[in-house]
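Chemist: Below are the chains, spelled out letter by letter.
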Amino acid sequence: MNRIDELFKQKKERILSIYFTAGFPKLGDTLTIMEAIEAAGADIIEIGVPYSDPIADGPTIQESNNQALKNGMTLKLLFEQLGELREKVSIPVILMGYLNPVVQYGMEAFCKKCREVGIDGLILPDLPMQQYLSEYKEIFDAYDLRNTFLISPQTAEERIRQIDQHTDGFIYMVSSASITGAKKEITPEQLAYFERVKAMKLNNPRLIGFGISDKPSFQTASAHSHGAIIGSAFINVLRESTDLKKDINEYIQGILS
Amino acid sequence: MIKVDENGFYGQFGGAYIPEMLYPNIEELRENYELIMESPAFREEFDSLLKDYVGRPTPLFLAKRLSEKYKAKIYLKREDLCHTGAHKINNTVGQIILAKKLNKKRIIAETGAGQHGVATATVCALMGMECTVYMGAVDMERQKPNVERMRILGATVVPANSGSKTLKDATNEAMRQWINNPVDTHYIIGSVVGPHPYPEMVARFQSVISAEMKAQLKEKEGRENPDLVIACVGGGSNAAGAFYHYYNEPSVRLIAVEAAGLGVSSGKSAATTLLGKPGILHGSKTLLMQTEDGQVVEPHSISAGLDYPGIGPVHAHLFESGRGEFVAVEDEHAMQAGIEVSRLEGIIPAIESAHAFSALNQIQYEPTDVIIINLSGRGDKDLDTYIKWGNY
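Chains as they are written, first to last, in numbering that gives the first Met the number 0: chain V, 0 to 256; chain H, 0 to 391.
Looking at chain H on its own, in the form it has when it is part of the complex:
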């Protein structure tokens, strides 16, 4: 069984390794999140916003030409069609309603490529809440359009100037600001990382993805369970959502696709399960890319959304227990897959999602298999990267 225990552990991974200054905040969340999430008033508001604002349910689309090429029946879960262009908003809608119920006045968030920052700025505008997003100074430079999107939506974007000035450092900075503002502020973490209860809470907000998959596949194929679900993993929120209702269906193979960057042994990679060891970062015990001395190593991926040195604790557990199959895809192969999906299906995927498609070249399956690929986001934000890569 894949299930979080009462202390927030999935097997040996998870927990809440936080300074005492954050204990009251985390305790407040831990005590309340389930009660709030399960209350009828919350469900009603959440479901209604997902439907009318986010545009759910997102379609489950039979990709005929891709199926023909890869000789299997391949469906795409179209999270790219969500408002703001990726699955990230499922979680931010959930957390902003939660923050309101906890009487918080301000929202802070971290962002890497800017997708989670935009999704957070969006719901803050919708709810009329003050929003500050921390973003690595290097990421702000390379993701300018998303910085401006957040500003247009009324958010303040604050550069994180420490360390490598990327997602890891933005997360550090958001945690520091939460320590500095413990009473009126809610921190919307964007992935299934951080101290308990964040990983489980974010996974539950994202679990709408696999809940819809089950219903939609039943309608199309007469069965709820595909043979394989494939999703990319940085921190792992889209994968957690796509796997959630299949964790305990042993006939469904769960394929998690990490970013190998320039190659697993190149020193420029983000393939955490291959390169990491158990360690503690951002409040949870998980697999972590680190030096022998326990210093966190800078990852690399062409996709900013997969550029993280850790992985959600639930994924570390999927890896260790063998329930999940982990594949690492290099930058070059992900880009080729992105172009291929564009040409075969008329969909330009986010480069994160392109990694999931590329995994089809690396795994074994049967021609009779039904495969669902979680198309977590659209490629608009990545046009610059596609153009610079140029090979199309």
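Only chain V is shown next, with the shape it has when bound in the complex:
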């Protein structure tokens, strides 16, 4: 059974997904970071595939992308590093990245490789639903990869229903009209949006991301959904870290405690 399906079957609340950029802070940190995330108690790992032009990302993730590319990260190298993934990590792992590097690798070859190394799902923010359905869905399905679409406060109800119909795994709720990056606090407008979507009783579980950075924002998001995704704030921890294992553990424990 796909590990994402398994997780959402067993756990219905306070699911924590942690995003990091492959190749950051150092080229060879990938598996070390993943093992530490799992050991600290997070539920899902999202590996960001670095790209030169990340248009949905704020300064923190832009910089981690640049640094990772400077360090020499490529999709090919990432798959090599993930060769031992399933000997070290047992929780669900998702690859998140912009479409162009994936298309250059070849969608079929990419999905095949994902399956081989033990990736469970994909998030490709600039892959439109229409293209996914007409060109790629069959390939995703053939390699048992879950596809996650995003929704935002501006997404119309009808569109959310369509996305729900074509998503498997979970729906990624972008918390506000915004690119990625840590925010101050969750506003009443955001809460109203979380509740509006909750009331729609969608088929898929919902995780809230963008602007979730600490224990209070994680708790608030979790109170209105199945859990949350933390990216930029975690990247900040990695950037400042002198001892990855220790610092990752402290940060994640601080959120879950």
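Mixed in with the good hints there might be a few duds.
With a cut-off of at most 16 Å between alpha-carbon atoms, the simulated EDC-like pairs for lysine to aspartate or glutamate come out as follows [as the list claims (entries may be wrong)]:
#, chain 1, residue 1, chain 2, residue 2
1, H, K63, H, E339
2, V, K69, H, D292
3, H, K164, V, E62
4, V, K75, H, D292
5, H, K70, H, E365
6, V, K75, H, E291
7, H, K164, H, E297
8, H, K104, H, D183
9, H, K267, H, E297
10, V, K69, H, E297
Hints were generated in silico from the structure; no laboratory data involved. Being a predicted model, the structure only gives us computed values, none of them experimental.
Once you've looked at the hints, dock chain H against the given chain V.
Modeler: Only chain H this time, still in chain V's reference frame:
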């Protein structure tokens, strides 16, 4: 037939590869742009501003000395005489009226050399709308006069500090700011790039160029169609406008001129059709200069307006289908052509446009041919580059 399909594709190129956060904005545009553009009220306002504010129609000028030298009948379409000095304003006038009809309150734009930024700041001043222009920090440094022109016109100029700090990064930043302000803001893209419907919409605003060419050539030569139309291509808005009404006239050769920079194989070039592969950037599938790993490569051209790693999807399709002929001109040859046109015709062209002139040395044609070169902009903004080059 060169025509965009309902999903925004020209052949295999185009589409709308955007994050879901931008879907409502793009959908709003896609649903409304044709209805608005074709409404009589829009046409009236657009035509009247093009005439009385931009100064259209721009002349079609028979360049006698150039014709003599190159042994063909060469006409120049004088887009350099538009208000603000280039064709860019045709599009910004169209989009600002559209933005008003969509009840938008703020305008954002990207700019490279600053011509599109100035054209956007200009129409925002005219319409009393708030304007923010994103510009690469490196470009702000090397195009200071245009930064100040935008500020004089009341726009806020925000440096893009990511990546190479040039046009590509300014476009990324404008898209990010659109994600952050999805409701009250319209993004005026300056070229035939971006997610559908931008490439087609911008091409249609610029198509006034070839519409006028047809009427003017009919008057001067008794025929609407020249044998060749030549235009430079960065993203490709002036070329799209100059080719638009000739796409489906197979007797007219369409010559698209790219910037070869220091040479196509030098690693410092912007010749996308020669160096690019199909890829996805800024919301559309097109030919793109990129690494094997799919990372976008930094282009180079002496002309900031041609310094872009992609090309509009319609041009990628012209290239792939063979309907367009693509030529690459090096920095040095473009500069020589700029000086030559200055000396022969008394017109200092923008360095972008100078590339189009230089193509005359690279293509075959008959002495009886009628050629129209789209003189997309004037060279005032490029004086520094001409002076530094110095070879005149």
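Chemist: Look at each hint and say if it fits the structure.
Modeler: To see whether the hints hold, each was checked on the structure:
1. H:K63 <-> H:E339: holds, 13 Å
2. V:K69 <-> H:D292: holds, 13 Å
3. H:K164 <-> V:E62: holds, 13 Å
4. V:K75 <-> H:D292: holds, 8 Å
5. H:K70 <-> H:E365: holds, 8 Å
6. V:K75 <-> H:E291: Holds: K75 of chain V and E291 of chain H sit about 10 Å apart, inside 16 Å.
7. H:K164 <-> H:E297: Between K164 of chain H and E297 of chain H the Cα gap is close to 10 Å, so the pair holds against 16 Å.
8. H:K104 <-> H:D183: holds, 5 Å
9. H:K267 <-> H:E297: This hinted pair holds, its Cα atoms lying about 8 Å apart.
10. V:K69 <-> H:E297: Measuring from Cα to Cα gives roughly 14 Å; hence the hint holds.
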